[in-house]
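In case you want the letters, here they are:
2 protein chains.
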Amino acid sequence: MELEVYYKFILTFALILLAARVVGEFFERYLKQPAVLGELIAGLIISPFALGGLFFDDSIILNFGTVHDVFGVGEFHVMEVISEIAVIALLFVAGLETDVRSFAKQGITGALVAFGGVILPFLFGFVVTWLIYPDEDISAWLFMGATLTATSIGITVRILMEMGKLQTKEGTTILVGAVIDDIIGIVILSVVISISAVTKVGGDLDMGHVAIDAFRITIIGFAVWFALLIAGLKFHKQISKYVLGPFKRSGTAPIFALIIGFLIAWAVTQFDLHPVVGAYVAGLMFAACAEKEELLEQTRPIMLFLAPFFFCYLGMQVDLADLKAGIWLALILTILAVIGKLVGCYIPARFQGKLSHNSAMIVGLGMVPRGEVGLIIAGAGLLSGAIGGTLFGAAVFVSLATTFVTPTLLKPFLKKHDDEERRLAAGDG
Amino acid sequence: MELEVYYKFILTFALILLAARVVGEFFERYLKQPAVLGELIAGLIISPFALGGLFFDDSIILNFGTVHDVFGVGEFHVMEVISEIAVIALLFVAGLETDVRSFAKQGITGALVAFGGVILPFLFGFVVTWLIYPDEDISAWLFMGATLTATSIGITVRILMEMGKLQTKEGTTILVGAVIDDIIGIVILSVVISISAVTKVGGDLDMGHVAIDAFRITIIGFAVWFALLIAGLKFHKQISKYVLGPFKRSGTAPIFALIIGFLIAWAVTQFDLHPVVGAYVAGLMFAACAEKEELLEQTRPIMLFLAPFFFCYLGMQVDLADLKAGIWLALILTILAVIGKLVGCYIPARFQGKLSHNSAMIVGLGMVPRGEVGLIIAGAGLLSGAIGGTLFGAAVFVSLATTFVTPTLLKPFLKKHDDEERRLAAGDG
Numbered sequence: 036m037e038l039e040v041y042y043k044f045i046l047t048f049a050l051i052l053l054a055a056r057v058v059g060e061f062f063e064r065y066l067k068q069p070a071v072l073g074e075l076i077a078g079l080i081i082s083p084f085a086l087g088g089l090f091f092d093d094s095i096i097l098n099f100g101t102v103h104d105v106f107g108v109g110e111f112h113v114m115e116v117i118s119e120i121a122v123i124a125l126l127f128v129a130g131l132e133t134d135v136r137s138f139a140k141q142g143i144t145g146a147l148v149a150f151g152g153v154i155l156p157f158l159f160g161f162v163v164t165w166l167i168y169p170d171e172d173i174s175a176w177l178f179m180g181a182t183l184t185a186t187s188i189g190i191t192v193r194i195l196m197e198m199g200k201l202q203t204k205e206g207t208t209i210l211v212g213a214v215i216d217d218i219i220g221i222v223i224l225s226v227v228i229s230i231s232a233v234t235k236v237g238g239d240l241d242m243g244h245v246a247i248d249a250f251r252i253t254i255i256g257f258a259v260w261f262a263l264l265i266a267g268l269k270f271h272k273q274i275s276k277y278v279l280g281p282f283k284r285s286g287t288a289p290i291f292a293l294i295i296g297f298l299i300a301w302a303v304t305q306f307d308l309h310p311v312v313g314a315y316v317a318g319l320m321f322a323a324c325a326e327k328e329e330l331l332e333q334t335r336p337i338m339l340f341l342a343p344f345f346f347c348y349l350g351m352q353v354d355l356a357d358l359k360a361g362i363w364l365a366l367i368l369t370i371l372a373v374i375g376k377l378v379g380c381y382i383p384a385r386f387q388g389k390l391s392h393n394s395a396m397i398v399g400l401g402m403v404p405r406g407e408v409g410l411i412i413a414g415a416g417l418l419s420g421a422i423g424g425t426l427f428g429a430a431v432f433v434s435l436a437t438t439f440v441t442p443t444l445l446k447p448f449l450k451k452h453d454d455e456e457r458r459l460a461a462g463d464g
Numbered sequence: 036m037e038l039e040v041y042y043k044f045i046l047t048f049a050l051i052l053l054a055a056r057v058v059g060e061f062f063e064r065y066l067k068q069p070a071v072l073g074e075l076i077a078g079l080i081i082s083p084f085a086l087g088g089l090f091f092d093d094s095i096i097l098n099f100g101t102v103h104d105v106f107g108v109g110e111f112h113v114m115e116v117i118s119e120i121a122v123i124a125l126l127f128v129a130g131l132e133t134d135v136r137s138f139a140k141q142g143i144t145g146a147l148v149a150f151g152g153v154i155l156p157f158l159f160g161f162v163v164t165w166l167i168y169p170d171e172d173i174s175a176w177l178f179m180g181a182t183l184t185a186t187s188i189g190i191t192v193r194i195l196m197e198m199g200k201l202q203t204k205e206g207t208t209i210l211v212g213a214v215i216d217d218i219i220g221i222v223i224l225s226v227v228i229s230i231s232a233v234t235k236v237g238g239d240l241d242m243g244h245v246a247i248d249a250f251r252i253t254i255i256g257f258a259v260w261f262a263l264l265i266a267g268l269k270f271h272k273q274i275s276k277y278v279l280g281p282f283k284r285s286g287t288a289p290i291f292a293l294i295i296g297f298l299i300a301w302a303v304t305q306f307d308l309h310p311v312v313g314a315y316v317a318g319l320m321f322a323a324c325a326e327k328e329e330l331l332e333q334t335r336p337i338m339l340f341l342a343p344f345f346f347c348y349l350g351m352q353v354d355l356a357d358l359k360a361g362i363w364l365a366l367i368l369t370i371l372a373v374i375g376k377l378v379g380c381y382i383p384a385r386f387q388g389k390l391s392h393n394s395a396m397i398v399g400l401g402m403v404p405r406g407e408v409g410l411i412i413a414g415a416g417l418l419s420g421a422i423g424g425t426l427f428g429a430a431v432f433v434s435l436a437t438t439f440v441t442p443t444l445l446k447p448f449l450k451k452h453d454d455e456e457r458r459l460a461a462g463d464g
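Sequence lines, in order, name chains A and B. All residue numbers for the first sequence refer to the numbering used here, where the first residue is 36 and numbers rise by one. All residue numbers for the second sequence refer to the numbering used here, where the first residue is 36 and numbers rise by one.
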């Protein structure tokens, strides 16, 4: 009976959410770790490559088992679709929670943090892969460099949210940095893809053309971002009145705002940006409105319901067997990924942003998780043939490992930050 | 780039939600009609069979345009998946909103009104479809009968609320009747689905077997329903403590309750019941808990976000050309749907419930709107292949038309009811 497959999907959906919530709660309560890590671990556990293979039947595994083919042209994966909806809702709410006015102030430091956090990891990734795999093509080294540049806004935001640090100066700097990073990451991805396309057919590399393309994407990315930020800051009264106003009487203004968030998430993809960038800036735009709290109240439950799906599904995509082959590269890259981001982001935060040593460490470590953006870049590399299964496995490992270590690394600095704030508050009183 | 297809999905998803919300709001505010009607109409408008065909490009249409092919064995339709999630969330919240305790008291009259309102419309729907479409399968006739049995709780409640009649004896009777009707409708749906599964594979229809099967599903349906209702009424303290308790500190108890709702929705499918029965009774179970209001506060936004997708997508599946082909059936069924409910509910309300003629008319007419439950049944029929586009169009038409006519038909009786009450009050004074 064909309804069976839908029923199985309901089960799969419910089990993913259940596993994510239960393991997430366990991590939060007993291990004092962010729920998001528990959600990722839940994904590893119920992955079809692990336990999931034992107790789900074939047709369910089929629904998530085609992970490595997901990037094949024309494939359309239902789990991926729900993940996509989830991550857009997450980033919209993250934008909505941001204090836009202080966000605007942190612009320059955030930008420098982002650039610093891109340059070092890119060099590390490129050089180390070249040293360990000298027989690979230049495009393979470029791709591995590129996968190290990204910062996962989603994971960073969740960790900051759960630790109650989203509203701090450090939190805002990290967020600005992560958003700009995303734009830079997408630019690098586009550049690397065009380079590898040329080298693959054995043609001459027209660096002028590549540079123009990179410039175009950069300009558009920042333009979209500034346009929505300024729309929110300057026209928030008009947005309240003409966009949210008509839906206030029925109490659906927050739902309508979220729908606009989805539309903007799509719109930015037309300029080669990733949808999460659009979702985030859409949230930012509404964050300047007087209705901010009401919007949050109604959209946060939607995010709380869907976001764990995204993280759990991310964990489910890891094939432990693939990781084994490139484990040395993976470990070295992970260490360098942490050091690269930390140093690259610490320097501008400390010296341009004039943050304390402790705060600059929080910013540097907060930028460490690679998460989904690293996976997207690695997937594109695999698809274009620039990297093989081993390098892909290593890239996936780096994305996950950097995410796993972040909360642990951050904790002492956040604790010290709390102490500093308490001392400051006591001094004021 | 292969991500394109996901980006297009985001656009599709956002446009459906946007259209549903805007037209829904318009209906509510300017036409003084329930928003759900607007959402359906929005679907009709943006359907690939109508305007959607003009301004969406091919690959988007592909995402919803394959509506009639979706139902081929093994096909798995992403829009259907999201609809499924949406309708489960909707029914869970509907169950959660029910006042379980007063619900339990008003049992007998409500049950008789419900049964009366099921028998006549079912017979009318079955016989008329059989007479007009004698070449169709028996499962098609059964489905058309089934679509006429349901009463929309949501629409009925909204109409009663707007007219200030929710707390009257008539209002309570209608409400209890509508709720029981829903369960009967869902049981009928399950029976019809299993019958159509047998006839579709070309098996002989053994009516004795069908009767036993129907009996089995009825028993299981009511057993599951009573079990969860009683679990809620008797063990609500334990549910609060052991099911919701562990998630209270992180504020995710409502999310966890909804996840349990999804699991129960799946579980009942293992007894041949439709997932919405499970979702509804899961909601009922939690409705008895002390946390009811908190649960509603956090799950209602999820429902408000997703449910319009369900109704709009239903509207999108109507091909106006198909509707034209079945217009006579649609008109006849609409008239019979009104007469069937009116007579079937009037008799028990007047003679068992001892209501006045005017009050029994109010009960009968209040049960007329088919709304979402009729659509759920029709959608399941289309999905299972039991009914085709023409019959589906007619079923949607009946759901829409019965909902449209109800307020107009009710008005004179409600006015007379007000006059009676005033006379009574004057006599008392």
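Bear in mind the hints are in silico, worked out from the structure with no lab data behind them. Quick caveat: nothing in here was measured; it's all calculated off a predicted structure. Among the hints, a few may not be true.
One copy or two, it doesn't matter: identical chains are merged, so the pair holds either way.
[Stated by the list, open to error] DSS-like, lysine-lysine: derived pairs with alpha carbons at most 25 Å apart:
(1) Lys43 with Lys451
(2) Lys450 with Lys327
(3) Lys283 with Lys67
(4) Lys204 with Lys283
(5) Lys67 with Lys276
(6) Lys327 with Lys446
(7) Lys451 with Lys272
(8) Lys450 with Lys276
TODO: Against the earlier hints, flag every one the structure doesn't satisfy and list their numbers going up.
DONE: 1, 2, 4, 6, 7, 8
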